[in-house]
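Here is what each chain is made of, one letter per residue.
Number of protein chains: 2
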Amino acid sequence: MKSDNVVWHQTAVTRPDRNKLHGHESVIIWFTGLSGAGKSTLANALEARLHELRCATIVLDGDNVRHGLCGDLSFSHEDREENIRRIGEMSKLFIDAGVIPLTAFISPFRSDRRRVRELVAKGDFVEIYVRCGLETCEQRDVKGMYKKARRGEIKEFTGISSPYEEPEDAEIIVDTDTHTIEECVDHMMNELVRLNVFHGPLEERIASSL
Amino acid sequence: MKSDNVVWHQTAVTRPDRNKLHGHESVIIWFTGLSGAGKSTLANALEARLHELRCATIVLDGDNVRHGLCGDLSFSHEDREENIRRIGEMSKLFIDAGVIPLTAFISPFRSDRRRVRELVAKGDFVEIYVRCGLETCEQRDVKGMYKKARRGEIKEFTGISSPYEEPEDAEIIVDTDTHTIEECVDHMMNELVRLNVFHGPLEERIASSL
Chain A
1354 MKSDNVVWHQ TAVTRPDRNK LHGHESVIIW FTGLSGAGKS TLANALEARL
1404 HELRCATIVL DGDNVRHGLC GDLSFSHEDR EENIRRIGEM SKLFIDAGVI
1454 PLTAFISPFR SDRRRVRELV AKGDFVEIYV RCGLETCEQR DVKGMYKKAR
1504 RGEIKEFTGI SSPYEEPEDA EIIVDTDTHT IEECVDHMMN ELVRLNVFHG
1554 PLEERIASSL
Chain B
1354 MKSDNVVWHQ TAVTRPDRNK LHGHESVIIW FTGLSGAGKS TLANALEARL
1404 HELRCATIVL DGDNVRHGLC GDLSFSHEDR EENIRRIGEM SKLFIDAGVI
1454 PLTAFISPFR SDRRRVRELV AKGDFVEIYV RCGLETCEQR DVKGMYKKAR
1504 RGEIKEFTGI SSPYEEPEDA EIIVDTDTHT IEECVDHMMN ELVRLNVFHG
1554 PLEERIASSL
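Residue numbers (this note's numbering), protein chains in the order written: chain A, 1354 to 1563; chain B, 1354 to 1563.
None of these hints come from the bench; they were simulated from the model. Note that the structure is predicted; figures quoted are calculated from it, not measured. It is possible that some hints are incorrect.
Remember, identical chains collapse to one label, so a pair may be satisfied in a single copy or spanning two.
[Claimed, not checked] In silico SDA-like links for lysine to any residue, alpha-carbon gap of 25 Å or less:
id, residue 1, residue 2
1, K1475, G1421
2, K1475, G1424
3, K1475, H1420
4, K1475, N1417
5, K1373, A1401
6, K1508, Q1492
7, K1373, D1416
8, K1373, I1559
9, K1496, T1367
10, K1501, Y1517
Could you put the whole structure together from the sequences, leaning on the hints where they help?
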């Protein structure tokens, strides 16, 4: 027996609805920089600050993407490009969900980053250049990757045997060899306020805490 | 000048932190059923109800996935499998973000659905079988797809020229040819309460509204 009451209309929750719920705009926060510059650390530290303020966030990095969504991709040039494309598309879905994705990938090529920027509306893509001298990154060498690259055990390692193309139009720049994490996070928060990421009430709380 | 204060420790916001923020667990709500059964409509209607309750949600369907993240995939058997795999991995990232993804894809094969179920922990995957007779779906034929399939213009159309494997272990079943959208949504909300998706305060509000 079919019911005639079944009206198959479409109700839809929109991105502005979700942004209103969370009290902030959703933007892609895209960290780029050399291996060891501090992208992942800063993404996590900024997320912690945002979470304290009850913002909806997620960090996307090699740990949760490379074995999952991009688990079928190699490290060939073509697959690296596809890797960044998927991360971009996924980030776009997160901003549709009202969530702020913070991505931490070297993403050394301007063309790849530009492609992600062009996926979304103006203002939805916030590029953060995590600037740090190669010397410092190599000294940190947390995972011993630079040593391996210098010995030729890793091919096309960014900064050693493959170029890193510095951002020309990054919304935010942080210098991690001359500033502490806290200083970098404060700077990023100030810049996000300037970029109107937070709605009124939240912005006031941030202003009083910085 | 390098700062010695730079302690590159890792702070991390966890999924339980995010769930606490939102007041609910994050689970994948996976709608499956024939074309025209009402998956997308119900996903949107359930999302609207959840959003009213201030839950963090996102609907993933052909509209926002097929042109984006899965824009490189064809409709070959292999690519359909890859399509479902990516949607599964993406959904997993959403539950890590504390968001409830509601996916609306025919996903006709048990093996594909099982693979997604096995991606996440027990209880994180809630399969909803949107049950509706083929006859009714074909009568609705909102997009004229059944007509095309009957004329042989669409190959391997589920229910006509390709099988639909009914779920054997769906957590929730809704019958859309005998129930209204409202009735289906009420039933799904009751079931989500039973599955302990909502934290205490939210659960009380739901109980008083159902």
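Do the hints match the structure? See the list:
no., hint, result
1, K1475 with G1421, "between (29 Å within a copy, 18 Å between copies)"
2, K1475 with G1424, "between (30 Å within a copy, 22 Å between copies)"
3, K1475 with H1420, "between (31 Å within a copy, 20 Å between copies)"
4, K1475 with N1417, "between (27 Å within a copy, 19 Å between copies)"
5, K1373 with A1401, "both (21 Å within a copy, 14 Å between copies)"
6, K1508 with Q1492, "within (20 Å within a copy, 58 Å between copies)"
7, K1373 with D1416, "between (31 Å within a copy, 23 Å between copies)"
8, K1373 with I1559, "both (17 Å within a copy, 21 Å between copies)"
9, K1496 with T1367, "between (42 Å within a copy, 23 Å between copies)"
10, K1501 with Y1517, "within (18 Å within a copy, 51 Å between copies)"
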